[in-house]
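Number of protein chains: 2
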Amino acid sequence: MSIVKQKTDQAVKILNELGIDLWLTYVRKTSEIHDPSLYFLLEDTWLTWQSAIIISKNGQKIVICGRYDAQNIEVSGIYDKVISYDQSIKEELLAVLNELKPKNIAINYSFDNIAADGLTHGMWLRLNKMLEDTEYINRLISSENLLAALRGRKTELELENIRKAVDFSELGHKKVSETARIGMSEEEIEEMLLKFTKENNLTVSYPPLVHVGPSTSIGHGKASSDIKIKKGDLINVDYGVFYEGYASDLQRMNYVLQDGEDIPTTEVRRAFETVIKAINAGAEKLKPGVQGWEVDCVARKVVTDAGYQEFMHALGHQIGRNVHDGGCLLGPRWEKYGKSVMYKVEEGQAFTLELHVYVENHGYCSVEEDVIVTEDGCEFLSDRQLELSLLKL
Amino acid sequence: MSIVKQKTDQAVKILNELGIDLWLTYVRKTSEIHDPSLYFLLEDTWLTWQSAIIISKNGQKIVICGRYDAQNIEVSGIYDKVISYDQSIKEELLAVLNELKPKNIAINYSFDNIAADGLTHGMWLRLNKMLEDTEYINRLISSENLLAALRGRKTELELENIRKAVDFSELGHKKVSETARIGMSEEEIEEMLLKFTKENNLTVSYPPLVHVGPSTSIGHGKASSDIKIKKGDLINVDYGVFYEGYASDLQRMNYVLQDGEDIPTTEVRRAFETVIKAINAGAEKLKPGVQGWEVDCVARKVVTDAGYQEFMHALGHQIGRNVHDGGCLLGPRWEKYGKSVMYKVEEGQAFTLELHVYVENHGYCSVEEDVIVTEDGCEFLSDRQLELSLLKL
Chain A
1 MSIVKQKTDQ
11 AVKILNELGI
21 DLWLTYVRKT
31 SEIHDPSLYF
41 LLEDTWLTWQ
51 SAIIISKNGQ
61 KIVICGRYDA
71 QNIEVSGIYD
81 KVISYDQSIK
91 EELLAVLNEL
101 KPKNIAINYS
111 FDNIAADGLT
121 HGMWLRLNKM
131 LEDTEYINRL
141 ISSENLLAAL
151 RGRKTELELE
161 NIRKAVDFSE
171 LGHKKVSETA
181 RIGMSEEEIE
191 EMLLKFTKEN
201 NLTVSYPPLV
211 HVGPSTSIGH
221 GKASSDIKIK
231 KGDLINVDYG
241 VFYEGYASDL
251 QRMNYVLQDG
261 EDIPTTEVRR
271 AFETVIKAIN
281 AGAEKLKPGV
291 QGWEVDCVAR
301 KVVTDAGYQE
311 FMHALGHQIG
321 RNVHDGGCLL
331 GPRWEKYGKS
341 VMYKVEEGQA
351 FTLELHVYVE
361 NHGYCSVEED
371 VIVTEDGCEF
381 LSDRQLELSL
391 LKL
Chain B
1 MSIVKQKTDQ
11 AVKILNELGI
21 DLWLTYVRKT
31 SEIHDPSLYF
41 LLEDTWLTWQ
51 SAIIISKNGQ
61 KIVICGRYDA
71 QNIEVSGIYD
81 KVISYDQSIK
91 EELLAVLNEL
101 KPKNIAINYS
111 FDNIAADGLT
121 HGMWLRLNKM
131 LEDTEYINRL
141 ISSENLLAAL
151 RGRKTELELE
161 NIRKAVDFSE
171 LGHKKVSETA
181 RIGMSEEEIE
191 EMLLKFTKEN
201 NLTVSYPPLV
211 HVGPSTSIGH
221 GKASSDIKIK
231 KGDLINVDYG
241 VFYEGYASDL
251 QRMNYVLQDG
261 EDIPTTEVRR
271 AFETVIKAIN
281 AGAEKLKPGV
291 QGWEVDCVAR
301 KVVTDAGYQE
311 FMHALGHQIG
321 RNVHDGGCLL
331 GPRWEKYGKS
341 VMYKVEEGQA
351 FTLELHVYVE
361 NHGYCSVEED
371 VIVTEDGCEF
381 LSDRQLELSL
391 LKL
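Chains as they are written, first to last, in this note's numbering: chain A, 1 to 393; chain B, 1 to 393.
You may find that some hints are simply not true.
Because identical chains cannot be distinguished in the list, a pair is counted as satisfied if it fits within a single copy or across any two copies.
No more than 30 Å apart at the CA atoms, straight line, and that leaves these computed lysine-lysine pairs for DSSO-like [to be verified]: (1) K198 / K164; (2) K392 / K101; (3) K129 / K29; (4) K164 / K195; (5) K344 / K129; (6) K222 / K336; (7) K198 / K230; (8) K195 / K285; (9) K90 / K198; (10) K129 / K277; (11) K174 / K231; (12) K230 / K29; (13) K129 / K103; (14) K61 / K222; (15) K339 / K198; (16) K29 / K5; (17) K198 / K61; (18) K5 / K222; (19) K81 / K222.
Since the hints were derived computationally from the structure, they do not count as laboratory data.
Only a predicted model underlies this, so the values are computations on that prediction, with no experimental measurement involved.
Excised from the complex, chain A in its bound form (with noise of 0.2 Å):
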């Protein structure tokens, strides 16, 4: 079964779940817009005119689409029926929304959910207008609630490639350990990730993010081709890949050993351990039913008890098909992160777990772990990174 089938199959399970009658996606030309939740819809298929992708509380999957698209849906399977048209979309819309009557549809727009708004203003002008004599026109929706639930939940055939994804990430983050050498820049680092992806004909799933010693930019800013290693450097790398579409995000830390020394000084020690121990709290707190925000709570207290200054960002976002996915982010109350952080965990969702704090003298300290929710907790995709990578250069 494809993912394709099972997501779709999903779709039908949430939108009872949530009380929705019909799930309409309304698209053209998804060669020039794709809607982000066209993944979970087609296999590999393109669209040319308006299209309108339909799935019902009971279990009907309809596509209406140009003449020439059609085929191409057909052989795929996943739908019931396969409505084409030569002049305008619209007669055949409307037939199906009176033959299944809905009373309330979601439309693939949302004013907070980037990844459940794939609508164009045009095209929700469209719709509107083919709606505006019918009683349809007030029962629109936003589909984020569905889309929230069903990027979260992934299935077997979804897991898998995370699992693939979070591997490779895994081999390249080997390969840092492996590579580093004494006044190595941080660019060189990032171009030998690329290359070493590349290679492999897989693709990041955003452009990995490399910090060396106590000098280095943090945040998303570009690799530095000044900034080299050194002896007594943290060397932080954030590397993740899609794996048939599905990211990971990893982050390992590697410590560059001074002149004498077997093991890293005290601070440098006492800096990983509190990170290491933070992902633990959240790990444990992590569980079916608990809201994202609980979860960043347990991991951000063991970092402010420690005496460490707070990282300024949530514990832990989903991933999938994006490497910031779903709904339910594992963050604080912070105005800027809105309802995502109220929602509860579900099981199937994949989360990282990351946090940093920042050791004067030697650099940026952080890891990030990927993890599944289970019926009760959470299980590491990833191999945990339990001990400081030591280098002697």
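For this one, chain A is given, so just place chain B on it according to the hints.
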């Protein structure tokens, strides 16, 4: 000077022509939803948080974007002012509007024009919420006319890319003539072209269309593995590529001589000559100031005067960043083409000229050329096909 610099300068000129004070392209996470206008506004730069790209009638070029994206925009040197924010774009955007005081603001959405409709509905709602207590809320218009002009009028650098795309398409067509063999299927020809394109590190601007003999399925259907070249067949191939993001779109004709033939049958010759005459007629008519439908009309008349059934598509569409581009279409005044065929042709627009007739027992006879509109006419970008390519297989 880069294409982006040229196009943003051109936008200022068009704003003045159209009496528009401000062009505002409002986007977020452009790796997910990529507004088609961004190709003309940014050089391979991704924007993550909500961002506003602003060009004013007076030549101001301003970007407001998240902190981590600002540096990449600054180094491009296109924008006079890059304003970054941490929490919310609202204050910065209102400050810019209050400084420029535009009496109208062209926004990136369009009912009709897909290439001018990059704003998602969620982003439209956000924009309206930001502006709800200001006078600007009632000054929003579509940027579709601005974009029709901007996409249409090719700069020298754009034209150079299109010329290279056209040249490469011709190589592909030459390869079809060279490799065609009795028994070769439509699908094999398609696969050969895809392989050839990939080997040369280019991408096709659309899936190649292959029509072999009288039993081919006409239109955008998939090439058949069952329909194979035999003597007496017309072989039509429609093949274009992207060169540095700019498209070509060319059709060429081969004819497989039958035993004892040195020239094709009279019907085949008459069909081919009619197609060429119709292209000639269209090219003669094509010049700045004529409306799109007028050019279509003269070519269509050649076909119907010769007693053939008229072709059920437009004579020509623009090419550029997309294989169907710009605003003006050289098509008949059919309802589905709307106002696109009423636009006046402008200097610097690149068009296809394409049409077909069907020849009983031999197949689909269609030629497509690419032209650029000059000051007082048009110039062929392609090395015209004036003779049917004859294959002795």
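* To do: Against the structure, test the hints numbered earlier, and report the numbers of the ones violated in rising order.
  => Of the numbered hints given earlier, those the structure breaks are 2, 8, 9, 10, 12, 15 and 17, listed in rising order.
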